[in-house]
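Protein chains in written order, with this note's numbering: chain A, 1 to 188; chain B, 189 to 472; chain C, 473 to 709.
Keep in mind that a hint or two might mislead.
[Unchecked claim] Quick list of in silico lysine-lysine cross-link-like pairs, DSSO-like style, CA-CA up to 27 Å:
#, chain 1, residue 1, chain 2, residue 2
1, C, LYS554, C, LYS488
2, B, LYS414, C, LYS591
3, C, LYS670, B, LYS372
4, B, LYS471, B, LYS414
5, B, LYS417, B, LYS471
6, B, LYS471, C, LYS554
7, C, LYS583, B, LYS414
8, C, LYS649, C, LYS591
9, B, LYS229, C, LYS554
10, B, LYS417, B, LYS372
11, B, LYS372, C, LYS625
12, C, LYS591, B, LYS372
13, C, LYS583, C, LYS649
14, C, LYS670, B, LYS417
15, B, LYS372, B, LYS471
16, C, LYS625, C, LYS583
17, B, LYS417, C, LYS488
18, C, LYS625, C, LYS670
19, C, LYS591, C, LYS625
20, B, LYS229, C, LYS625
21, C, LYS583, B, LYS372
The hints are simulated quantities; they were obtained by calculation from the structure and are not laboratory data.
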Amino acid sequence: MIKKYTYLLAPLLLVLFLAGCSADAAATGEDAVGAGNAGAPAAAENTGSTGNETTAIAGENPGNAGSETTSAANVDIDLTELSTTMMQARFHHILSNAEDYLGQTIRVRGQYHNMPFGDEYLHFVMIIPGDECCRMGFEFMRAGDYVYPDDFPAQYGALEIKGVLTRGFDGTFGNFLYLAVDDVFIIG
Amino acid sequence: MIGMLNQLSAYFQFPFVRYAMIVGVLIAMCSSLLGVTLVLKRYSFIGSGLSHVAFGATAIAAAMNLTNNVLFVLPVTIICAILLLRTGQNTKIKGDAAIAMISVGTLAIGYLIMNVFAASANLAGDICTILFGALSILTLTRTEVWLSLVLSLVVIAVFVLFYNKIFSVTFDEDFAAATGNRAKLYNLILAVIIALVIVLAMNLVGALLISALVIFPAMSAMRVFKTFKAVTVCSVIVSVACASLGMLASILAGTPVGSTVVAANVLIFILFCIAGLLTRRAKS
Amino acid sequence: MPQLSCTDLTLGYEGKPVISNINFDVNAGDYLCIVGENGSGKSTLMKSILRLIPPLSGQITAGSGLAANEIGYMPQQTAAQKDFPASVREVVRSGTLNRIGFRPFYSTCEKHAADANMKRLGISHLAGRCYRELSGGQQQRALLARALCATQKILLLDEPASGLDPNASSEMYELIKGLNDSGITIIMISHDIEASVKYASHILHIGSQSSLFFGSISDYRESDAGRIYAAQQGGTA
Chain A
1 MIKKYTYLLA
11 PLLLVLFLAG
21 CSADAAATGE
31 DAVGAGNAGA
41 PAAAENTGST
51 GNETTAIAGE
61 NPGNAGSETT
71 SAANVDIDLT
81 ELSTTMMQAR
91 FHHILSNAED
101 YLGQTIRVRG
111 QYHNMPFGDE
121 YLHFVMIIPG
131 DECCRMGFEF
141 MRAGDYVYPD
151 DFPAQYGALE
161 IKGVLTRGFD
171 GTFGNFLYLA
181 VDDVFIIG
Chain B
189 MIGMLNQLSA
199 YFQFPFVRYA
209 MIVGVLIAMC
219 SSLLGVTLVL
229 KRYSFIGSGL
239 SHVAFGATAI
249 AAAMNLTNNV
259 LFVLPVTIIC
269 AILLLRTGQN
279 TKIKGDAAIA
289 MISVGTLAIG
299 YLIMNVFAAS
309 ANLAGDICTI
319 LFGALSILTL
329 TRTEVWLSLV
339 LSLVVIAVFV
349 LFYNKIFSVT
359 FDEDFAAATG
369 NRAKLYNLIL
379 AVIIALVIVL
389 AMNLVGALLI
399 SALVIFPAMS
409 AMRVFKTFKA
419 VTVCSVIVSV
429 ACASLGMLAS
439 ILAGTPVGST
449 VVAANVLIFI
459 LFCIAGLLTR
469 RAKS
Chain C
473 MPQLSCTDLT
483 LGYEGKPVIS
493 NINFDVNAGD
503 YLCIVGENGS
513 GKSTLMKSIL
523 RLIPPLSGQI
533 TAGSGLAANE
543 IGYMPQQTAA
553 QKDFPASVRE
563 VVRSGTLNRI
573 GFRPFYSTCE
583 KHAADANMKR
593 LGISHLAGRC
603 YRELSGGQQQ
613 RALLARALCA
623 TQKILLLDEP
633 ASGLDPNASS
643 EMYELIKGLN
653 DSGITIIMIS
663 HDIEASVKYA
673 SHILHIGSQS
683 SLFFGSISDY
693 RESDAGRIYA
703 AQQGGTA
């Protein structure tokens, strides 16, 4: 009797085990994000002010004349070390759960795009996978006196940036996310 | 090798990776169980046909701005599964023509609707995701994981409890009906769980590749094993192995998840073919 | 009270009759052979008796002692079945399905019944073998064993000796006769007029549109239909 029902018990046990794992997964996942968040409440309070487009983070000297890449120090989320698939998945998680990630420093490498917007330009770092269909990206802003096009890469050039995830507000777009960048390295 | 293991354990810190593995394994189990029946009933392409229906239904749900499109997609897919599997030998439209018509018709109409009622900013990305799976398995929410868990459990339970009946209607439906069994009811139950599995599996490999998840493990098992029970068990093991290894490989190497899982299935199929040839030669 | 009777039966597909005015009775223990040319509707008749195809008009009545799940059936094999990965044991056991109702698994009782029927037909040694690796005769025996698992009372067989060589054919007919002798009613479709006349107790001969003859073997030999058909086949009636 038991032998017959093992065929039902075995998958049932497997499913319960996996259910337990997924409950754990959720718990530890939330903890990990929470820990990252706890470290930067001060920074988060500084950002996201309404009506003000650019909220610069005072800190390291932006620009990196002479270094090979952006500094790996103080990075909470390093997307450059992940495989493409993982990077996209992580990216998607950040965008879907932005509240948990505000104030964290993100390092990302991708393709530079810009878009004219009135008198200014909007700058983006895009991640474009091989099949081109699932592209995603962050808008980023640099504090200080930076002039387009001199201090920015060529359109579609390779770019690596490090910045803090910030929420801004704009009359046209409403609430939007961007990276307040303190370190940019132009690869190509 | 150690580096890869280290990297994997780092990746497993992320909840979405763990969710992906859990749901992926369950989907692989369910689709391989159904695959044995479908292949032997000569309905291999029903996976493709139903997944295109699910795509069309998803398009309509998106156009209607439904928050949880599974509530719409699942009933529509179930109804189509019942209709398709009921077209037996005595209807005007034969089985394979019916599948082809519904399959390509819903694909075209779905794409048309998504373009006309462009409800999202990234239309190409959304369509790509639905058709190829893209990242859907790695971007599941907790609700989606629980839903997948429950649906998978239902499918597995139904398969185990109705195992002997499923064997009977797969081997000889006429005999089952003639000797006083409820063959029509069993076929109905089969149609419903096939629809469930298709809707689930779209998350892992996307609508275009679902047939692979259904067909390959069963075909691999049949190269080597000779009894229905052995074929079913082997099919499940092969499918789960290919899905897990495929997902791990795609996470490490940065390749698309769905295609990597299917590629793993193809590789295992070739290996099983060779094994089957060798065993047959050894016997004779 | 006949075990099965058909009255004024008209059968066909999509409203078009294939055969009409079929009348016959089968009593318990009878051995009825249904003969006729190809395409005359013999398989249609059998499927109607089994309620797989509804009749266009007329009635099929089962006697009070015969329930829907007490009928055994041995259909012709499909190409898909010949290539099916299943053991003989799995195939034969599936015949007991009509007894287990809502229970998911076979009990010892059903397994014993399957083993007994395999032994009765001399295929116990093939129980673990794969169905698709058997010879035609062995496969037919497995299907007959399966049919026996479904019934103690009545067996319907559709050309059980089709595709078999003469030796295997006569073995099959002997087996079936043995079953009939043990009390099981047999209704069999056959193209083999010689074997039918040799073993059966009654003949139903179906012509191109209607029944040509129904009755006992001795009456059949005397009838016009019987003589003509036998002459055509070259055998003695």
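Results of checking the hints against the structure:
no.: 1; hint: C:LYS554 <-> C:LYS488; verdict: 32 Å, violated
no.: 2; hint: B:LYS414 <-> C:LYS591; verdict: 22 Å, holds
no.: 3; hint: C:LYS670 <-> B:LYS372; verdict: 39 Å, violated
no.: 4; hint: B:LYS471 <-> B:LYS414; verdict: 14 Å, holds
no.: 5; hint: B:LYS417 <-> B:LYS471; verdict: 22 Å, holds
no.: 6; hint: B:LYS471 <-> C:LYS554; verdict: 20 Å, holds
no.: 7; hint: C:LYS583 <-> B:LYS414; verdict: 20 Å, holds
no.: 8; hint: C:LYS649 <-> C:LYS591; verdict: 17 Å, holds
no.: 9; hint: B:LYS229 <-> C:LYS554; verdict: 13 Å, holds
no.: 10; hint: B:LYS417 <-> B:LYS372; verdict: 23 Å, holds
no.: 11; hint: B:LYS372 <-> C:LYS625; verdict: 24 Å, holds
no.: 12; hint: C:LYS591 <-> B:LYS372; verdict: 32 Å, violated
no.: 13; hint: C:LYS583 <-> C:LYS649; verdict: 25 Å, holds
no.: 14; hint: C:LYS670 <-> B:LYS417; verdict: 42 Å, violated
no.: 15; hint: B:LYS372 <-> B:LYS471; verdict: 41 Å, violated
no.: 16; hint: C:LYS625 <-> C:LYS583; verdict: 19 Å, holds
no.: 17; hint: B:LYS417 <-> C:LYS488; verdict: 43 Å, violated
no.: 18; hint: C:LYS625 <-> C:LYS670; verdict: 22 Å, holds
no.: 19; hint: C:LYS591 <-> C:LYS625; verdict: 19 Å, holds
no.: 20; hint: B:LYS229 <-> C:LYS625; verdict: 31 Å, violated
no.: 21; hint: C:LYS583 <-> B:LYS372; verdict: 25 Å, holds
When each numbered hint is compared with the structure, violations occur for hints 1, 3, 12, 14, 15, 17 and 20.
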